[in-house]
Every structure is written in C-alpha cells, then in structure tokens.
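K.L.:
One letter stands for each residue in the lines below.
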Amino acid sequence: MTLAIETRGLEKRFGDTAAVSGIDLGVERGAVFGLLGPNGAGKTTTIRMLATLLRPTGGSARVLGHDVVKEAARVRAKVSLTGQFASVDEDLTGRENLVLVARLLGFGWGAARVRARELLEAFELSEAGGRQVRTFSGGMRRRLDIAASLVSRPQLLFLDEPTTGLDPRSRNQVWDFVRAIAAEGTTVLLTTQYLEEADRLADRLAVIDQGRVIAEGTSRQLKASVGGRALHVRVADPEQRDRAWALLAHLLGDELHPGTEPDTLFARVTREERVPDALAALTSNGIAVREFALAQPSLDDVFFALTGHGADDETSEEVA
Amino acid sequence: MSTTRLHRALSSDHQPAPPSALSAVLTLGWRAILKIKHVPFQLFDVMVFPIMMTVLFTYLFGGALAGSSADYLQFLLPGIVVQTVMFLTVYTGVGLNTDIQRGLFDRFRSLPIWQPAPIVGALMGDLMRYSLAALVVVVVGLVLGFRPGAGVPGVLLAVALMLVFASAVSWIWIIVGFLVRTPESVMTTSFLLLFPLTFVSNIFVDPATMPGWLQTVVALNPVTHLTTASRGLMHGGVAAGDVAWVLVASVLVTAVFAPLAMRMYYRER
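Top to bottom, those sequences are chains A and B.
FYI, in the working numbering the residues of the first sequence are -18 to 301.
FYI, in the working numbering the residues of the second sequence are 144 to 412.
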C-alpha cells in the first residue's frame, strides 16, 4: 500500500526567502503524524503545499498516491485542511456554515441539512448550532472548523495548529476528537508548536527548524536521543540550596545546575536508581524538599539538543 | 464525547458529485443573503449617512438652493440613492478581505467548485444589498415628499442602471480587497476614492456655479452621468446619452478590473 504522504526534497521559496528548503517525509496511512517546530519554521507552508494551496518551487510530493501539482484536483477530493485560524463564517450560524460547505461539495439541500445535523451531533454542537459563530467560544469554533473539514469524509485531514490559543480544557477536548478521528481510520497530519501536543497525539513526528526536518521518529525515540531523565528539585528554603546542590552532586554523581528560580535545582540523571536515596539523604540532613520531579526529557529538551535553541517552555513531566 | 455519533458521522457514505457552477454561485449567494439577515446593521450603518444628508440638505439648503425644500428634494433624492449604492459597493471588498483573513477563502479554494463562484456569489448577494438600500432611501424620500414623475417603472429602471454601474465598481474594491491587509484598510482606501467621486458630481448642486475646471471634472465623472440619468428616469425625460455613458463606463470598468481581479484570485497567497 502506498504511503499517505511522501515528499522528496520539497521546497518553497517566496522571492529570495526559502520558507521550506528540502523536506523528505513519509507518512503511513492511518497514522497521526506531527510536524513540530517553532513559529516560522515552515510548518504551515509545508502543509499548504500538501493541501495543494501552494505550488512547490522544488522537489515533489505525493498525497494518497497523487502528485500535488499534476493531480491537484484528485488530491483535493480526498483531503481536507483545517487552517490556523478557524475558517468559518462568523456571521452565519454553526449549522449554516456546515450546510454551506456541504452544498459546495455537491450535497442537495436536504442531504446538506442531514449532514450538518450529523456533524453537529458528533462534535457536541447541536445546542449551539442555531447561534451565530461569533458567539462561540474558541474551542467550539475549532470543533466547528474540524467538523466543516469532515463534511466530505476526507481520507487525510490536515490540521494546522489545531489548539493554538485554546484554554487547557478545550485543548483536551480537541485532542479527544483528533484521536477519535484517527481511530476511525483517517490519516491526520498536524502541525504544532506545543511539544506536549505532539507528544500526546502523534504516533510519529518530524521536528522542523528553518525549513528543514532536523529529526524524525516517535516521541520516545526523540527523547531517548537526548539521554537521561531530568530531575527537578525545589527546596523549602532558598538558603539551603547550595548545601542541597553539593549533597546531590555527590550522591548522584551527576552535574547539577541551578534552576530558573533561587530555590530550584536541575540535573540530567544518568543513574536513576540513585535518586530515591539521594532525596532521602536531603531530608535526613535537615534540608526540607518542597517538590521534586523526575521527568522524561521534554520535547523542548530535544529541540534544544538538536538546534541549540529552545522552542517553547512547555514540558511533559511525570511526577516521580 | 460520543464516539458512536462521531463514528456515524465519519462513516456516512454519501459522496455526491461536485456542484454545477450555477449551484455553487447560488449557494454562495444564499450565504450573502444570510449575512444580510444576521448582520442587518452592516446595511444600515452606511445608510444612516445618506439619509442624514437627505434630511439636512433638504431642509438646511433646499430653500436657498432650489427656492423650496420640496423642490430641492425632487432634485436631490435620485442622487442620494446613487450615493448610497456607491458607498455600499465598498462592502464587496471588505467582505472579500475578511474572508481571506479568516481563511474562509482557503476553504472555498480547496472545494471542488467552479473557482470564481465565491466572487460571483458575493456579487449576487451585493446586488440584493444595493436593491434593499435603494428601496429604503426611496421610501424615506417618499415620506419626506419626493414625488417621482415617472412612477414606479421609472424608479425601478433608475435603480437597475445603478446596479449595473455598482457591480462594475465592485470589481475595483475586490482588487483592493486582495491588495490590502485588513478589512478596515479596504474601507479607508475606498472612501478616499468614493468621497471625491460622489461629491465632485451633480448630486448635491447644479455644477453651473462651479469654477470652469471643476465643471470639467464633474462632467467627466461617471457618477454625474449616472445621477443625471437617474433623475431623468425617475422624473421622466431621460437623455439616452447619459444612460449610454453609464453603460459604456460600466463595461469599460468591468473589462479592465474584472480580469485583473480574477488574475489576483488565482494567484496564490
């Protein structure tokens, strides 16, 4: 079976600036694939080329077996794009928006209304369906937008930063929907600058920086490439940090670093089994520990290790 | 979240053939009409101004300009309808720009429709908007004492002529809508052009008392001819020359700007 997305040296220049400079991707059918990178890394440009909204200036891309330039119409018939800003008409109601899209896909008036109802129900918007979209919350708007992208039952769904600007609760809700959509067999390609999002949703990811893929793999593989878990410790009294520092450095045998605040410490742990004893030693030496966490390296750490600059402050921590 | 409902929505197997060009245009026209229904304010905020002008000019200057307010209203009202419709044309560009900024245009472009449909559909909705606005202003005029000598057919013909010219001018704002960054700047840019276009005309006063050079400008302004033709059609005694002038101007403006707009439409953003 062919791949859902296959690109070779995909490139896009706008005048003298290269937005995307040679991207190779292979996305399996049915997978959720994440493009992770900071603002301006070339994620949106890549996704717009794959969705046939931009013409590549170099390289090639096949989507669901069709060339995005030569067979753009065939690609379009099988994919849907949910852009970075909810592309729905704010003046219309939620239901009218879906009927509009259905009509433009060729549904008759009756069938369009049925389809709109089905999707409003599926995305928990039935009650709000009769209200103008401008009264919707960010999360509702986003759900309506995704629903509009699914009117045609695409085989591949592009989601460009699906949760940017959403509150945590709405973000979780959108994640649930994305997972459910993927579980139904739709391939999903999403871009995100949230490391946590890529970690939670994507089976595989490609880290993009300055128009190039700088790493690819599962989130676990990428994290492993950084090595060791990260230990964060916060002492109750900032005065005692230096003592804690010396003690932990001795017991763990790892280098310690000051954290961002005067009462925090940070270490990349090479021998995890020593951590419990080291922490116990702090207490028995009269150093009260307010909190500690033994975290998987975050994707931010991955980003830092790969590029030498950070991407975002988000971390995905497991409290030990 | 109900996975059963989502499953049902995602496994529906109705995959219709793409819509015809006409069906796509009608659907997008339906959208424009819904917007009038949901946001009537957009129609009225541009009409408050002309109505205010009508009342002010009629009662403040009417006596001085035409001997009596009642006489002046007969002269002024056809021109005010022209002005109202002209100002409304800006919304074509504003609406288009809003759609681009919101990403709706991307959605339309990725649908299997006749590609110019979003623009043609919007224009259709705009024609509806122009007609509604013209109707309101005429009714206000009738209340104030406007009595068109040529009756309903005359008024309808005048409005029809205005619609032809307005759709031509709309293409200019569509281009502006593609060029500038925000809907607000579409508004500012277009008003910069519309103010001189409607004021340096014969809408408010007979240009006979203006300086010679200004009279020349007024005589060249298509809005002047549209106003003269509208007066003629509403009151009787229209000159074929004025109507022809307006029609030729409309054809020329469309011939220049419509292809340009469509080129910009197909160019990627």
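It is possible that part of the hints are untrue.
Beta-carbon label-pair distances, calculated as ranges [as the list claims (entries may be wrong)]:
1. A/T116 <-> B/L203: 19 to 25 Å
2. A/G146 <-> B/T146: 23 to 29 Å
3. B/S163 <-> A/T199: 51 to 57 Å
4. B/T147 <-> A/G111: 20 to 26 Å
5. B/D188 <-> A/D184: 23 to 29 Å
A few chain A positions that, by computed beta-carbon distances, are all more than 10 Å from chain B [as the list claims (entries may be wrong)]:
6. D5
7. G64
8. F66
9. F88
10. E105
11. L131
12. S133
13. R134
14. T145
15. E165
16. T167
17. W226
18. E236
19. P239
20. E242
21. A262
Rough simulated footprint, nothing fancy, chain A against chain B, three-plus residues with beta-carbon under 8 Å [what the hints assert, rightly or not]:
22. 161 to 171
23. 243 to 256
24. 337 to 346
25. 357 to 363
Honestly, the hints are just simulated from the structure, not real lab data.
Even for Gly, the Cβ is constructed at its ideal location relative to N, Cα and C.
K.L.:
Per the coverage rule (Cβ-Cβ under 8 Å, at least three residues), is the stretch 161 to 171 of chain B covered by chain A?
P.N.:
Coverage by chain A holds for the stretch 161 to 171 of chain B (6 residues, Cβ < 8 Å).
K.L.:
So is the stretch 243 to 256 of chain B in contact with chain A by the C-beta rule, three or more residues under 8 Å, or is the coverage claim wrong?
P.N.:
holds (count 12)
K.L.:
Should the hint that B/D188 and A/D184 are 23 to 29 Å apart at their CB atoms be regarded as holding?
P.N.:
Violated, at about 51 Å.
K.L.:
Confirm or reject the statement that A/T145 sits farther than 10 Å, beta carbon to beta carbon, from all of chain B.
P.N.:
With a cut-off of 10 Å, A/T145 remains clear of chain B, as the shortest Cβ separation is near 13 Å.
K.L.:
Does the no-contact call for A/P239 survive, Cβ to all of chain B over 10 Å?
P.N.:
Since the minimum Cβ distance to chain B is about 43 Å, A/P239 lies beyond 10 Å and the statement holds.
K.L.:
Test the statement that A/E105 is away from the interface with chain B: the closest C-beta pair must be farther apart than 10 Å.
P.N.:
It is violated; A/E105 is separated from chain B by about 7 Å at its closest Cβ, not greater than 10 Å.
K.L.:
Are all beta-carbon distances from A/G64 to chain B longer than 10 Å?
P.N.:
violated, 4 Å
K.L.:
Is 51 to 57 Å right for how far apart the beta carbons of B/S163 and A/T199 are?
P.N.:
violated, 47 Å
K.L.:
Is A/E236 truly not at the interface, in the sense that its beta carbon sits beyond 10 Å from all beta carbons of chain B?
P.N.:
holds, 46 Å
K.L.:
Can the suggested window of 23 to 29 Å be confirmed for the beta-carbon pair A/G146 and B/T146?
P.N.:
holds, 26 Å
K.L.:
Do B/T147 and A/G111 keep their Cβ atoms within the hinted range of 20 to 26 Å?
P.N.:
holds, 23 Å
K.L.:
Against chain B, does A/E165 hold up as non-interface, every C-beta pair farther apart than 10 Å?
P.N.:
A/E165 is in fact no farther than 10 Å from some Cβ atom of chain B, at 5 Å.
Violated hints, listed in ascending order, are 1, 3, 5, 7, 8, 9, 10, 11, 12, 13, 15, 16, 24, 25; each of the other numbered hints is respected by the structure.
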